[in-house]
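S.K.: As a plain string of letters, each chain reads:
2 protein chains.
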Amino acid sequence: MTLDDLITPALILDRAILACNTERMSARFAGTGVALRPHMKTAKSAEVAALATAGQAGGITVSTLAEARYFAERGFADITYAVGMVPSKLEEAAAIARSLRRLTLLTDDPRAARALADKAAALAVDFPVLIEIDCGAHRGGVDPESDALMEIARVLDKAPRLALEGVLTHAGHAYHGADVAAIKQVAEAERLAVVRAAGRLRAADRPCPTVSAGSTPTAVQAESFEGLTEFRPGVYMFFDLDQFGLGSCAREDIAVSVLTSVIGHQPQHNRLNIDAGSLALSQDLSANEFLPETGYGWVLEPVGTARVADLHVAAVNQEHGMVTGAAPLPFEALPVGARVRVLPNHACITAAAFDRYHVVDGGNEVTAVWDRVNGW
Amino acid sequence: MTLDDLITPALILDRAILACNTERMSARFAGTGVALRPHMKTAKSAEVAALATAGQAGGITVSTLAEARYFAERGFADITYAVGMVPSKLEEAAAIARSLRRLTLLTDDPRAARALADKAAALAVDFPVLIEIDCGAHRGGVDPESDALMEIARVLDKAPRLALEGVLTHAGHAYHGADVAAIKQVAEAERLAVVRAAGRLRAADRPCPTVSAGSTPTAVQAESFEGLTEFRPGVYMFFDLDQFGLGSCAREDIAVSVLTSVIGHQPQHNRLNIDAGSLALSQDLSANEFLPETGYGWVLEPVGTARVADLHVAAVNQEHGMVTGAAPLPFEALPVGARVRVLPNHACITAAAFDRYHVVDGGNEVTAVWDRVNGW
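Chains Z and L, in that order, give the protein sequences.
The opening residue of the first sequence carries number 1 in my numbering; numbering runs sequentially from there.
The opening residue of the second sequence carries number 1 in my numbering; numbering runs sequentially from there.
Hints are all accurate, no fakes.
Taking CB as the label site, the calculated pair distances span:
no.	chain 1	residue 1	chain 2	residue 2	range
1	Z	Ala77	L	Asp355	25 to 33 angstroms
2	L	Arg251	Z	Arg202	46 to 54 angstroms
3	L	Leu100	Z	Arg74	34 to 42 angstroms
Pulled from the structure, derived: some chain L residues nowhere near chain Z, Cβ distances all over 12 angstroms:
no.	residue
4	Thr53
5	Arg98
6	Pro128
7	Ala178
8	Gly227
9	Thr229
10	Arg307
11	Gly325
Source of the hints: derived by calculation from the structure; they are not laboratory data.
Glycine included, every Cβ here is placed at the ideal spot set by N, Cα and C.
For reference, chain Z alone in the conformation it holds in the complex (with noise of 0.2 angstroms):
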């Protein structure tokens, strides 16, 4: 099977920039003590977890049920579940940790924990539990200085199914890191609050064996991991045009495209239609934060990693991308039926879209179809 064979918009993957993305960050943690967890909400593959475990201790991160069901299911046996929890989700979870060494979850709530507390306790299942930390992202967790984060300490101590396990943080605002000086001090920010927040716990004879941070960009630009104990980067297996723009990544180093169909031309309007639109690339405009002219993504050659002249998609809807350039577009070099492919974004968001991946080695040749476990 070719890329030819397929019908668009399908989701390419290639797996020799996976692998090189894979290696680099688990290169960068390897001897620093601090343990890669990757974070799975981006490939959502066993197969990519593979890799991205290589050499690892093999513990993972997901951000749905879903997810961690699907790798429980094939031999991830450390789990952390990155998301708020919510009582109503622990007898799915504990259905799932029965079955593996430890489904972590992560709470930033007393209220919640108590109710947690209780409901385990009914389950008559054990869960470590990992206090969330808001280091400046203010998206969610407790301050690192507050009184939450001790109370909800001693709900967990007083827990007989549940353990304090440590503390975690994702600094969500180092996606908007104006430069590399900025997002080195999102890194530290990053570090010193769940490093601060450990440090408190410990002075109050509370477990922390976990210290965890990350995203990407912070996992490629921190300066420093001293005193955390692992790192959750995720989007780092793919990259992005967005990832791109923050510095993150080498514009080639990106891993996953849609390969898509030129539908239409509209000279009078220099624009080409193509077969992917909201739905195939989503509506994520991350990356326009840094890269103007991006649109919904950059247009490359149907094979490669080469851009075409400085098209993008400009404009979406459910199944049309509308894509546009500076100069004439190449109408005859791209007539109607013509493939091009379309970098996204937001890796994330766009591979959601997809049910499988259409693995190639930088050519033309799909080596491999790997599934994705999408929803709830």
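With chain Z held as given, fit chain L onto it using these hints.
M.R.: Chain L only, in chain Z's frame:
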């Protein structure tokens, strides 16, 4: 099973509202001589299609070949694939077409029409073909006054396996109508464009049995269907905040919502976090053109149609939605673990994140689970 038993996020479909919406649209076209050919790109569900085609001729419209195959396998025998066709999809289209009465294709490009003619001949499968007309939306289609219209008709006339079936247009610009009067103008432009194209074809002795227009806003607002033979609205089955903002429906007519759990409190930012983020809600912001402070959707009570104050999802990350409102949020009434539902901006895009509907009849009981066909 009740809503309380579902793992969140989950897609909820209210069958009572759905049935009202489909009956109202069917009634609108009954006796007009214009066939309703509902567009299944929103619902992608055989059960919904059965409601939408009840009492109709049974023809449907689809936006992907995956939909075409799914509906063909479920007894729908007259399907229009209303996205520009390319030769590389014709083999799959032929495999589907062999099992039904007709699979109608779309083109707006003479060169593509020639390539389709050659490929259909090689495959020995017959296809009716519609010529796409641009009625002012400037997405796809040829101008009704263009030479290209007549050239495509000549190409189809010479193609042994392709038969000119007529003309089709879609008033995508109706989605940006400033008010009902503006949408009525777009509806009339949509009608006149395709009626004019049909007139030119017939004047040249070309067949044109089908004159197809349609979008939900124009279906609701059009004052004349004269000269049309069919109409293809889709999102009216579910409606959404964008359609409410456009004046196509009442807010209580919106049949789909995302059930979600509160997963965190950030009172210092007057914010609740929920477990429906960019994946579960999509990043579609369309309704904000008409409804300020909508963000990624409005927050409803877990059962029924009542809104929770002015709460809306102001920001999204992959698995996190950030809910806020003008007044202090009701943190006590919505502890971590509480459930709410979110009304989507754009039902077509939000629904595509889910592989099934949990069906309710206005209440808390889940009375059915209906599948969806996603992907390509």
